[in-house]
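Student: With chain A's structure known, arrange chain B on it following the hints.
For the record, the sequence lines run as chains A and B. Throughout the first sequence, residue numbering follows this note's numbering, covering 1 to 370 in sequence. Throughout the second sequence, residue numbering follows this note's numbering, covering 1001 to 1510 in sequence.
Simulated from the structure, these hints should not be mistaken for lab results. One or more hints might be untrue.
Over the 10 Å line for every Cβ pair with chain B, so calculated as not near, a few chain A residues [what the hints assert, rightly or not]:
no.	residue
1	47
2	76
3	78
4	124
5	130
6	162
7	181
8	189
9	203
10	214
11	222
12	330
13	355
14	363
So the derived label-pair ranges between C-beta atoms look like this [stated by the list, open to error]:
no.	chain 1	residue 1	chain 2	residue 2	range
15	B	1244	A	33	44 to 52 Å
16	A	42	B	1321	56 to 64 Å
17	A	139	B	1026	56 to 64 Å
18	B	1149	A	158	33 to 41 Å
19	A	101	B	1318	14 to 22 Å
20	B	1377	A	248	23 to 31 Å
21	A	131	B	1318	44 to 52 Å
22	B	1260	A	165	53 to 61 Å
23	B	1251	A	248	36 to 44 Å
24	B	1063	A	248	33 to 41 Å
25	B	1492	A	226	36 to 44 Å
26	A	193	B	1336	57 to 65 Å
We treat Cβ as the ideally placed atom computed from N, Cα and C, and that holds for glycine.
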Amino acid sequence: MTTEAADSTEAVGTIAPAADPGFLQRHGATIEYILIPGAALAGALAVFGIFVAMFGKNPLDLYFYMYYGAFGTWFSWQNTLTRAAPLVLTALCTALPAQLGMVIIGGEGALLIGALSATSAALALQGLPPLVVQIAMVIAGVTGGGLWIMLSGALRQYRGVNETISSLLLVYIALAILNHLVEGMMRDPASLNKPSTREIGAANMIGSIPGTDVHWGLVFGLVAAIAAYILIYHTVFGFAARVAGGNIRAAKIVGLGVSKLILTICFLAGGAAGLAGMVEVAAVQGRTNANLAAGYGFTGILVAFLARQNPLAIIPVAILLGGISASGGLLQRRLGLPDASVLVLQGIIFVFVLASDALYGRIGFLKGKS
Amino acid sequence: MIIGETPPPSGAFGVDAIAMTMRFGDFLALDNVELKVRPGSFHALLGENGAGKSTLVKCIMGYYHATEGDIIVGGREQAIANPKDAHALGLGMVYQHFTLVPAMTVAENLVLARDDVPAVVNWPKEMKELESFLARMPFKVPLSAKVSDISAGERQKCEILKQLYLKRRFLILDEPTSVLTPAEADEVLGMLRDMVVKGELTILMITHKFREVMAFADDVTILRRGKLAGAGKVSELTPDAMARTMIGAEELTVQPPRTGEAGKARLELEKVRALDDAGAVAVHNVSLTVRAGEIVGIAGVSGNGQRQLVEVLAGQRDAEGGEIRVAGDPYHASREEMRRHKMSLLPEEPLKNACVGGMSVADNIAFREFDRAPFASGGWWLNRGAFRDDARKKIGQYKIKTRTPDTPISALSGGNVQRAVLARELAGDVEVLIAANPCFGLDFAAVAQIHAEIMAARNRGAAVLLVSEDLDELLELSDRLVVMFHGEFVYEARTSEADLTVVGRHMAGH
Chain A
1 MTTEAADSTE AVGTIAPAAD PGFLQRHGAT IEYILIPGAA LAGALAVFGI FVAMFGKNPL
61 DLYFYMYYGA FGTWFSWQNT LTRAAPLVLT ALCTALPAQL GMVIIGGEGA LLIGALSATS
121 AALALQGLPP LVVQIAMVIA GVTGGGLWIM LSGALRQYRG VNETISSLLL VYIALAILNH
181 LVEGMMRDPA SLNKPSTREI GAANMIGSIP GTDVHWGLVF GLVAAIAAYI LIYHTVFGFA
241 ARVAGGNIRA AKIVGLGVSK LILTICFLAG GAAGLAGMVE VAAVQGRTNA NLAAGYGFTG
301 ILVAFLARQN PLAIIPVAIL LGGISASGGL LQRRLGLPDA SVLVLQGIIF VFVLASDALY
361 GRIGFLKGKS
Chain B
1001 MIIGETPPPS GAFGVDAIAM TMRFGDFLAL DNVELKVRPG SFHALLGENG AGKSTLVKCI
1061 MGYYHATEGD IIVGGREQAI ANPKDAHALG LGMVYQHFTL VPAMTVAENL VLARDDVPAV
1121 VNWPKEMKEL ESFLARMPFK VPLSAKVSDI SAGERQKCEI LKQLYLKRRF LILDEPTSVL
1181 TPAEADEVLG MLRDMVVKGE LTILMITHKF REVMAFADDV TILRRGKLAG AGKVSELTPD
1241 AMARTMIGAE ELTVQPPRTG EAGKARLELE KVRALDDAGA VAVHNVSLTV RAGEIVGIAG
1301 VSGNGQRQLV EVLAGQRDAE GGEIRVAGDP YHASREEMRR HKMSLLPEEP LKNACVGGMS
1361 VADNIAFREF DRAPFASGGW WLNRGAFRDD ARKKIGQYKI KTRTPDTPIS ALSGGNVQRA
1421 VLARELAGDV EVLIAANPCF GLDFAAVAQI HAEIMAARNR GAAVLLVSED LDELLELSDR
1481 LVVMFHGEFV YEARTSEADL TVVGRHMAGH
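With the rest of the complex left out, here is chain B:
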């Protein structure tokens, strides 16, 4: 097949990437990696952050040009110079984040995506064609609804439909379910699986959810630090074996067992209201009590007010109404109150929310204590030696990988930035801990360490509020589970008694 020639009108084809090597300067992102996706199969690509999954797919899609290696599409070697070539070959990619225009309708988005949009669109004709196209598809989406009005699940379906509408028959999905509830994820993947089984489609899915791999994928390829770590049939593997292959011989921090009972109410929210940046109500009169020695998890699909709630607790946003009490005292997120009540905060995106990128690791670790001895002499003069000594100690204790304590924190990887924040927030006594997506985008070792620290804080008697978009994390850690939807708490249960389908239904607002 020649690039530019239309691919055969139907039927799945396979893609092989052979001996792929990709260098960025001195950094070897891919080292002689092989990926074989059989025609008409559902293939999972597993690996930790930074293992090279995205680099590999971007080479296939023509965003990057591999330093060495060949791409074979449908049995023929192809030179894919840019994404347009890849599209012409029938390769399509669905990204983690949406690429639809929110203010336009679904139909407009679909037509807009075509390469050959006419100058004047004959909408009655296009609508007819779209309807007949949709009739052949397993997904149903409301064509004339605005994208901003449909749910995340429907948007993800639109993204996939868009690829199918553009006649792409090899789909690369980059963590497609990260914004979906478990039920939505199962529905979307199930339908794709049916199309694969019928031989209409080949799918390569980047993921780190073993549950989805076990349920939907035929084959799996696992990368570790830019190298092929393993490949095989999913039916012959267990999640444990895959996890071991992903992380290699690295020792994970062992999470302490859950011990002790919940004590007195420590953090109380009463009818807290908050607005988002646009001035719309994001948090609507929520009330909640977190007791000492208890982890309360807040579940919900991203964008349901969790961020604004955490910002209020972190002092980054003013509440519009309601009251927050810590150990019975009113709380306004002042330094003095945070100190008195031994509060710790682990916000999401720590570099953006809790660090100053240009300041050193040592400085960043000292943010909570810099105005007290031994960091400050007489309450005003900075004692530089104390900063460095303390940082050295914590760098060792929290396994922070940094060249020196004086390195700017922005030079560290995400996991190490979060470790530095952990060192700052959890080194002393903790009575109240507020964590928001603390493990987002981190590797296994960092996740295990953070989970262990959170559980240890709980066992020492801290009241922990854990806001997360990762339901597995919440089920693993929390004692109680609350679901947040459209700024309200719509469901609450003891985690041990929570029913996953009921939780998922509430996350979707039903």
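Looking at chain A on its own, in the form it has when it is part of the complex:
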């Protein structure tokens, strides 16, 4: 038998000194998280440019007016931020369950139930000091929205119902409940053409951040997003959620209570969307009616996906999409595009973002060598 000289054994048990992989490789993952959604957004804008070119409009004008309508002036900034506020909250309704590997798309339903609950609380507590009423509205909105999405989580955990489908169907149930109540027992007899509840009262409105026209909902959104980030990445609860979301079998083998995690996360997610509903009532509408179903819940899904479900990244993405929707009016006035054009753009962005998911880990120059 012939035997070659035994080669030297590798160093074991140490953190092997590896060659420095270079800046691009070291931060590959982070760069990807910015580069890929950015490219998807740019691609979507390019396709949208072709779309408006078919209407005989100059795409460059389009991009200018979009920028101008969203971020060009202090006025447009305020408009953008006002629209971003509920988006941050509804995006959390998708992003939080995503940490557990769940796809919840029913933020719109939780928003409506949250609005309805907050309105009910305000109407029931008329005459009490405004701060008490406002706090009660927050609690009612969060609880209402939270229980709504928790229902989806419970259906999944105990009855095996797909949470994506159930949360979507619950949107229509929420809308039906809202219509039933505002046209029935909660209807303000004075609201003739647009059935609505009674007003919560000007004193109970939460008002604007001093010196701006942007309502306090933006602060609620920022606080909620930062709190969600801390919860997921810096607390024991968030760690357990990430374990269960990363691999449910691993979570079970270390005895983590998966049901409790799912229900809690769903409650918090729905609570965020419910808070968005409360904000829309207490800062914008002053009452509950079908106007609340303005699609913030659905745009929130887009925000969450574009932000890769990261609670902090939701903030800039929500501002960006808030800006796109804020520019809709300007596009209509200056370019004569239909109002729904902005929805077309949102749809194109969604398709690009979902398709770009396939690119992660496949960009050659960002890959490590080993």
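Tutor: Below, chain B alone, put in the same frame as chain A:
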């Protein structure tokens, strides 16, 4: 011979692979390897996981194209561009896992495998031909039985028959006995050996079972880390010499001697029932007691309910009935119970069952303790520094090869993932240890380390339940041996008194 031309109708031929080098990017999978398989010989290809055995055979079969090197079939250099070329030359491969269609009969599977299946199959004629073919073969399989109804041993015979039916006369077998009982393995290999001796066949078998090499092979080639480590006649070698050549100069962890006597009952199963994913009964009223300071081994061919039993114990599957008690208390696999009874679990396929691939090595090591000090301050705030410090310590102690503690665990090799799980599960006190195929697919160094850790846990007084498909592992480690077949425990004996043939018979359900 020209590719596409039918090979001579009978007789064995040899295959030589000369100066084979295979690169995948920067990784050198094969480095100037030579393999010479004589015509009409039974050749064993030995090597640890990742030594390059599969790469070498895949080059021969045309799945890979070697960066450099030549393949000589029957004395002529051949360019094998794809598996079809290899088949045309009479080369065939039998895989570790079955490639038969379970819902079809044996005869249908055989005819289906042909390149020239007619649009309308004349079954009476085909059956006649198959029967006369089978009459010439040493194996007998029921032609009209459905593949799903026959045993693993018979399926493996079908796979081999399929190759012979397709007139392949150089067979490459990739760990063909991993799903067979020892008796089935001996039968199948024995019959193949007879055909080799008669000069009808040449066989190249990938394996890591020295017993099979010693009993059936003429020649052996040993690879280590992509290089030729040695080659020679089996008759001139000992298993020890082959093992040394396989692992090189790497130091193996020394397993501590078995010490101490079994104590009180620690883990008790009473009439435990569980279903599989399809809802069929997989674990049927099994009862078992594991005492402190004892290793109970559960043997059985894969798919007899062992996985579901372990999943119940690991909390990954709900039991349908029965009771599990740990130290006398009812057990439902909650975190609190696992902690109170100091339970540890080493599941099979650790990346799939016990880790989150995208989380870091440090995080994965902390899964059992992250919600307590020092990892959590005040029971809720994560203390990142503690994660890293603890991981650094355990990475050194358990010889985990990783670039940093923050590297995602999915970037580690299988052995190092299992080491990280060992570090997590065995670092503290252990009173109950449940391990399932803990060494599957790992290299010698990892296997030796894991065996040593399991034995050490036993010696410290842990009750160990070891479920394994590797009978040698069970015989080496366990104090008592239980055989599981069709969801039931059908045999139990002290390992020192167990008779291998009796164990094998029960594994096959006789």
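Student: Give a verdict on every hint.
Tutor: Consistency of the hints with the structure:
no.: 1; hint: 47; result: holds (32 Å)
no.: 2; hint: 76; result: holds (39 Å)
no.: 3; hint: 78; result: holds (37 Å)
no.: 4; hint: 124; result: holds (34 Å)
no.: 5; hint: 130; result: holds (34 Å)
no.: 6; hint: 162; result: holds (17 Å)
no.: 7; hint: 181; result: holds (39 Å)
no.: 8; hint: 189; result: holds (50 Å)
no.: 9; hint: 203; result: holds (38 Å)
no.: 10; hint: 214; result: holds (32 Å)
no.: 11; hint: 222; result: holds (21 Å)
no.: 12; hint: 330; result: holds (42 Å)
no.: 13; hint: 355; result: holds (22 Å)
no.: 14; hint: 363; result: holds (16 Å)
no.: 15; hint: 1244(B) x 33(A): 44 to 52 Å; result: holds (49 Å)
no.: 16; hint: 42(A) x 1321(B): 56 to 64 Å; result: holds (59 Å)
no.: 17; hint: 139(A) x 1026(B): 56 to 64 Å; result: holds (59 Å)
no.: 18; hint: 1149(B) x 158(A): 33 to 41 Å; result: holds (37 Å)
no.: 19; hint: 101(A) x 1318(B): 14 to 22 Å; result: holds (20 Å)
no.: 20; hint: 1377(B) x 248(A): 23 to 31 Å; result: holds (27 Å)
no.: 21; hint: 131(A) x 1318(B): 44 to 52 Å; result: holds (49 Å)
no.: 22; hint: 1260(B) x 165(A): 53 to 61 Å; result: holds (56 Å)
no.: 23; hint: 1251(B) x 248(A): 36 to 44 Å; result: holds (38 Å)
no.: 24; hint: 1063(B) x 248(A): 33 to 41 Å; result: holds (35 Å)
no.: 25; hint: 1492(B) x 226(A): 36 to 44 Å; result: violated (59 Å)
no.: 26; hint: 193(A) x 1336(B): 57 to 65 Å; result: holds (59 Å)
Hint violations for this structure: number 25 only, all remaining hints satisfied.
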